[in-house]
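Peer 1: Single-letter residue listing:
2 protein chains.
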Amino acid sequence: MKSLDTNFCSVFGIRYPVVLAGMAGGPSTPELVATISRAGGLGTLGAAYMTPEKIREAIRSIRKLTDAPFAVNLFISQMQTSTVPIERNVQYTLNQMRDDLGLPQKYDTSITITDNFDQQFAVLIEEKVPVISTAFGILSNRYRDQAKAAGVKLIAMATTVEEAILAEKAGCDAVVAQGMEAGGHRGTFDVSDQSMGANVGLFSLLPQIVDHLHIPVLAAGGIMDGRGLVAALALGASGVQMGTKFLTTIESGAHPAYKQALIKAKTEDVVLTTVFSGRPARGIKNRFMEHWEKIGVQPMHFPIQNSLTRDIRDAASAENNTDYMSLWAGQGVGILTQEQYAEEVFLEIVGEANRLL
Amino acid sequence: MKSLDTNFCSVFGIRYPVVLAGMAGGPSTPELVATISRAGGLGTLGAAYMTPEKIREAIRSIRKLTDAPFAVNLFISQMQTSTVPIERNVQYTLNQMRDDLGLPQKYDTSITITDNFDQQFAVLIEEKVPVISTAFGILSNRYRDQAKAAGVKLIAMATTVEEAILAEKAGCDAVVAQGMEAGGHRGTFDVSDQSMGANVGLFSLLPQIVDHLHIPVLAAGGIMDGRGLVAALALGASGVQMGTKFLTTIESGAHPAYKQALIKAKTEDVVLTTVFSGRPARGIKNRFMEHWEKIGVQPMHFPIQNSLTRDIRDAASAENNTDYMSLWAGQGVGILTQEQYAEEVFLEIVGEANRLL
Numbered sequence: 417m418k419s420l421d422t423n424f425c426s427v428f429g430i431r432y433p434v435v436l437a438g439m440a441g442g443p444s445t446p447e448l449v450a451t452i453s454r455a456g457g458l459g460t461l462g463a464a465y466m467t468p469e470k471i472r473e474a475i476r477s478i479r480k481l482t483d484a485p486f487a488v489n490l491f492i493s494q495m496q497t498s499t500v501p502i503e504r505n506v507q508y509t510l511n512q513m514r515d516d517l518g519l520p521q522k523y524d525t526s527i528t529i530t531d532n533f534d535q536q537f538a539v540l541i542e543e544k545v546p547v548i549s550t551a552f553g554i555l556s557n558r559y560r561d562q563a564k565a566a567g568v569k570l571i572a573m574a575t576t577v578e579e580a581i582l583a584e585k586a587g588c589d590a591v592v593a594q595g596m597e598a599g600g601h602r603g604t605f606d607v608s609d610q611s612m613g614a615n616v617g618l619f620s621l622l623p624q625i626v627d628h629l630h631i632p633v634l635a636a637g638g639i640m641d642g643r644g645l646v647a648a649l650a651l652g653a654s655g656v657q658m659g660t661k662f663l664t665t666i667e668s669g670a671h672p673a674y675k676q677a678l679i680k681a682k683t684e685d686v687v688l689t690t691v692f693s694g695r696p697a698r699g700i701k702n703r704f705m706e707h708w709e710k711i712g713v714q715p716m717h718f719p720i721q722n723s724l725t726r727d728i729r730d731a732a733s734a735e736n737n738t739d740y741m742s743l744w745a746g747q748g749v750g751i752l753t754q755e756q757y758a759e760e761v762f763l764e765i766v767g768e769a770n771r772l773l
Numbered sequence: 417m418k419s420l421d422t423n424f425c426s427v428f429g430i431r432y433p434v435v436l437a438g439m440a441g442g443p444s445t446p447e448l449v450a451t452i453s454r455a456g457g458l459g460t461l462g463a464a465y466m467t468p469e470k471i472r473e474a475i476r477s478i479r480k481l482t483d484a485p486f487a488v489n490l491f492i493s494q495m496q497t498s499t500v501p502i503e504r505n506v507q508y509t510l511n512q513m514r515d516d517l518g519l520p521q522k523y524d525t526s527i528t529i530t531d532n533f534d535q536q537f538a539v540l541i542e543e544k545v546p547v548i549s550t551a552f553g554i555l556s557n558r559y560r561d562q563a564k565a566a567g568v569k570l571i572a573m574a575t576t577v578e579e580a581i582l583a584e585k586a587g588c589d590a591v592v593a594q595g596m597e598a599g600g601h602r603g604t605f606d607v608s609d610q611s612m613g614a615n616v617g618l619f620s621l622l623p624q625i626v627d628h629l630h631i632p633v634l635a636a637g638g639i640m641d642g643r644g645l646v647a648a649l650a651l652g653a654s655g656v657q658m659g660t661k662f663l664t665t666i667e668s669g670a671h672p673a674y675k676q677a678l679i680k681a682k683t684e685d686v687v688l689t690t691v692f693s694g695r696p697a698r699g700i701k702n703r704f705m706e707h708w709e710k711i712g713v714q715p716m717h718f719p720i721q722n723s724l725t726r727d728i729r730d731a732a733s734a735e736n737n738t739d740y741m742s743l744w745a746g747q748g749v750g751i752l753t754q755e756q757y758a759e760e761v762f763l764e765i766v767g768e769a770n771r772l773l
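One line per chain: the protein sequences are A and B, in this order.
Each residue of the first sequence is one higher than the one before, counting from 417 in our numbering.
Each residue of the second sequence is one higher than the one before, counting from 417 in our numbering.
One should not assume that every hint holds.
Restricting the straight-line Cα-Cα distance to at most 30 Å, the calculated cross-link-like pairs of lysine-lysine (BS3-like) are [as the list claims (entries may be wrong)]:
1) B:K701 with B:K522
2) A:K418 with B:K675
3) B:K682 with A:K585
4) B:K701 with A:K701
5) A:K701 with A:K682
If you are wondering where the hints come from, they were derived from the structure by calculation, not from laboratory data.
Computed from a prediction, not measured in an experiment: that's the story for all the values here.
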């Protein structure tokens, strides 16, 4: 059987092939990122929704805590800066939820979406982050060349063999095979048909991607412990990427009510939805999803829907109200039982894997 | 790391923890079943759609080929013998397909469903088959007690932790954890809400079921080779159940055109549908599914829909027309490349697993 010292470890200069998933929206605090990297894994700052200034600040905070390599995760830009009309049914549906939360109704008929990917990316190059990981597609050649010139390693997420091949051809140093079990956004490149993306179970997806690629492949989706890490290695992975398991760590920036919801949730409570952001993502079923589905209105595309729902999600967070938060979670959620220190979680994973190998 | 000599092997008296899935409708010929059992695994006759007489005949054929243990798979009875009205929209939709195939239209307004589970089960007890495996639920106490008294071992299929616990409590000797990757019918007990059943990826489902059970757990869904077998063992399984991989063996009774479709199909071509049988099942997307979905008519419940679509599927088979067959396949289908002898496939799986362990 293989060992934990995989080619992913040697290429990325880390000790254990365990990567913190790039969870956007707050969970991946600098403390959590640094803890994983310090323990020998690869921490990832989920920077997709952060301003360039906040990204720079967070990177500097991570560097104060550790000299070890870490990654920063961005979403490949999905639309240019522009002002787009808001569909009436969408605003109407959101206003019903605002009513429920005691929020003021909104009557805007358009919204301005600001694409700051270029500025986000520039900060990562200026700060010479060790690794940039991306979701929703691959970097264009211009960005790729900047990263290569700065000595930055690249990881892309794929949900099909075809996407994985594209990522390898585009010069990525590793690819994440994202099984359908994964929490949060599906990484599927093209969801313009408003589908739920590609949803292949990791047992099927991983060996097929491994068979078609020459670079290291990380397994993501439903991996919660050392058993999952060893299973992924058996299927040909060079490591794993884990998100849900670290959401309930002490260092995680996930809302306390969200952490409690994760600990309580069963695997069958977790479903795919596009209603929060306009892109398919997996989370714990709650009133926000149920309301939207009952009304039957088609959400707008990402990132428009994400901007439109923000006031509702923010108000829900302020009131500890999980009914209207996005409670991203993978299908492994049923295994979570308690809040724990991230280092303890990490050492348990690696320890169990070493015993099984 | 564990070895291939698991507690499933000792309890069931076999050498390698590899079980042929109970594929109903023809693929599991006595030759295929006997080949797997003779090679040291557990062959399974998929007898769900067979008459009691044909089941007896097949069991005797298997026994002429091998003394090794084998299993017979049945579907837990879903409705009593009765005559039920056919929904007009359903008959209309089927008649459009009949037109396309040059079949006579049907104008029946009712159909008689014959439940022969009792007679099927009686044959298995009379013939003292070594193992009975079931899908869609668990045996009632009466059947369970008959099986125990006859020294027959029992395996049930589960798609959730809750179902697995029910199966253990009902006296099963092993449980199959069926991941969402699996081909053919979802084993979910209750689909009366006309849902697609529970669809949890094997990476998430398997360790959770293992953590809750004391009897051996078999992993099913997307397992195509020795890598998958070792990965399943790492996640706590005592063995695997494989169907899709054996569909394209020489001994498989799958239609030659179906075998070719399996070899050509990509993983993303495989989807869930209820249109063939009334129960959710995974197969290669074809014209039958597309036509039904375009019309938007809700199929009838299992097994009514299954009986209603039979003339169409039979005619398509007679004409080598994969447009209107049910082309069951799991998400591992992308790995299939050729027809092979079943023994060769089996030995490759076990050999690869032994090298990885």
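Peer 1: All hints are to be evaluated individually against the structure, with a verdict given for each.
Peer 2: Tested hints:
no.	hint	verdict
1	B:K701 with B:K522	holds, 25 Å
2	A:K418 with B:K675	violated, 34 Å
3	B:K682 with A:K585	holds, 21 Å
4	B:K701 with A:K701	holds, 29 Å
5	A:K701 with A:K682	holds, 10 Å
When each numbered hint is compared with the structure, a violation occurs for hint 2 only.
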